[in-house]
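Chains as they are written, first to last, in the numbering used here: chain A, 165 to 279; chain B, 165 to 279; chain C, 165 to 279; chain D, 165 to 279; chain E, 165 to 279; chain F, 165 to 279.
Calculated from the structure, these hints are not laboratory results. Bear in mind that the values here come from a model prediction, so they are computed numbers and not experimental data.
Note that the list lumps identical chains together, so a pair holds whenever it fits in one copy or between two copies.
Below 20 Å or equal to it, Euclidean Cα-Cα: the simulated DMTMM-like pairs (lysine to aspartate or glutamate) are:
id : residue 1 : residue 2
1  : LYS188    : GLU243
2  : LYS169    : ASP269
3  : LYS188    : ASP203
4  : LYS191    : GLU243
5  : LYS236    : ASP207
6  : LYS169    : GLU278
7  : LYS209    : GLU242
8  : LYS180    : ASP272
9  : LYS188    : GLU242
10 : LYS209    : GLU243
11 : LYS180    : GLU242
12 : LYS236    : ASP197
13 : LYS236    : ASP272
14 : LYS191    : ASP269
15 : LYS180    : ASP269
16 : LYS180    : GLU243
17 : LYS188    : ASP207
18 : LYS191    : GLU242
19 : LYS209    : GLU238
20 : LYS236    : ASP170
21 : LYS169    : GLU237
Number of protein chains: 6
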Amino acid sequence: MTAVKDFEGFRQRMDKRILESGNKVIKRVYSVDNLAYSDGALDIKVKEMLGLVASLVLRCDDCVKYHLRRCKEEGIVEEQLFEAMSVGLVVGGTIVIPHLRRAADYWDALHASEA
Amino acid sequence: MTAVKDFEGFRQRMDKRILESGNKVIKRVYSVDNLAYSDGALDIKVKEMLGLVASLVLRCDDCVKYHLRRCKEEGIVEEQLFEAMSVGLVVGGTIVIPHLRRAADYWDALHASEA
Amino acid sequence: MTAVKDFEGFRQRMDKRILESGNKVIKRVYSVDNLAYSDGALDIKVKEMLGLVASLVLRCDDCVKYHLRRCKEEGIVEEQLFEAMSVGLVVGGTIVIPHLRRAADYWDALHASEA
Amino acid sequence: MTAVKDFEGFRQRMDKRILESGNKVIKRVYSVDNLAYSDGALDIKVKEMLGLVASLVLRCDDCVKYHLRRCKEEGIVEEQLFEAMSVGLVVGGTIVIPHLRRAADYWDALHASEA
Amino acid sequence: MTAVKDFEGFRQRMDKRILESGNKVIKRVYSVDNLAYSDGALDIKVKEMLGLVASLVLRCDDCVKYHLRRCKEEGIVEEQLFEAMSVGLVVGGTIVIPHLRRAADYWDALHASEA
Amino acid sequence: MTAVKDFEGFRQRMDKRILESGNKVIKRVYSVDNLAYSDGALDIKVKEMLGLVASLVLRCDDCVKYHLRRCKEEGIVEEQLFEAMSVGLVVGGTIVIPHLRRAADYWDALHASEA
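Please put together the full structure from these sequences, using the hints given.
Have a look at this one:
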């Protein structure tokens, strides 16, 4: 699926470019980003939904896309996903709707890409 | 006009997809969204401008596009539109300018699409 | 009413302090701020409501307070005010509610202060 | 504990005031707000953490306070709470830290208030 | 380089369109925008980095692009640029990362466009 | 000066409380926060102003207070400070003004506290 490949390709290419700049602060932020979603007192599934909803209310499409893929990998099903996003919609208001549209579209693209 | 058709097409298709998910919270948010812009103590024209400026300062291009179409349908003329948007620009700062550019572009596309 | 006097007193004192710093950019922003809400193709009443709703969705209590006073001075009645703020609530989500509470409280304080 | 009582008192008093204004849009937003956190495909515990983290990254202290109380009522323990908030901190950045300080302070106040 | 030309072309065309609308408030905001980055107690280099980081934490790609070009024109080198952006990343959190990716991509495009 | 002591006291007390929770993600964010403002290709003075303006446009009073103290310690004088903040005001709009008022007030408190 082009949408998924394009996003993941750009993401990986630019992360490589950024980390090769040698900036230590940026490198550490990337590292703590990984740590934040690792298993602990809360399981990964919950943490990925927390990341998704935080991204949704802050209205970052790319962050939403990333967490949608991770949510799918962790076995979160559509009914759970929409419930999680509905919390974000209520908290963040109708300004979130365009991002919800793109999220639903990408969620479908993720499933189409493995068909 | 392609810009208008593309936006409205995606919007309608994804709203249908989202509502068919059956999530009741999302459905109710869509419903209250309609209610908020209906006639009351303030007329629709004013409410649409309120929605436009709220969308502009929150910097949501899709929301701005939607309210631009509605403002046009309600008979708001260009001088009024730019005055409304100028309030958003002053409150929201120069960070709003790129969204103002896309708003002006879409406003022109809306007029070109009916020519 | 203490709440009104305290807010207006601090606002005026600090605006004076800031403008006396002699920074020309800041001075011009203050000046364009006044211009934005002056009479034009849209009347002042509408512009004040635009400023109010922009402030509400950006969740700035002090800005909301300022526009509440101006809305009251322009003769906006409670039913209109709540309709305007309800647009902000729908666009901005439940995150706006705490600001709506403080807005309602200040609206009442404004009326009590003239009793 | 004064901090808890003051917050809850103001919240309840102003919600009553706002709902008595008779605005139907506002009333429905309050209603869908309750629905969003009810049991479903995700349990209440998870939804409350989603609400907490959404509130934290949007940096609304009052919303954070509300969800902290609900998280405590749902039996979320401190280690889980800080893990949830750490996701919000990573996503939202150090700008979140002052809100994290107030959250930790209120979390302690909630426990002190029942001692 | 297409990315640079496309952005600059649209920016200039729409700024012309907007200013021709004759709205005085908008005109003055554009004017104070220029003044803010002029030489003073702080040199232009520092001011452009301030504008860049402000744009980055507010997550406005177009504003970031503009300031990247200006930073390059002022002789800011890559190590300085990434240090400035790393401050924005820490303050603004991982939600900034997608904008950092697009910034790094545009920075490279700016250099490729003059090769 | 009470304002300065109160802020710094609460900040230090709660940072201690938060770090004692033992959450590793939070601990690392605090650590990278320190690293971001250390000497490098840009000097500390510039980095503190970047942190100040980022905090101002994101409208976090506590973050602004922290960077004001650091700016003062680094020898930034009032004219430079207001120029830096004026960039934030232009980018962020009049919604920034209430935070500018509190910033000016705290800047004066910082100077009064050492008199």
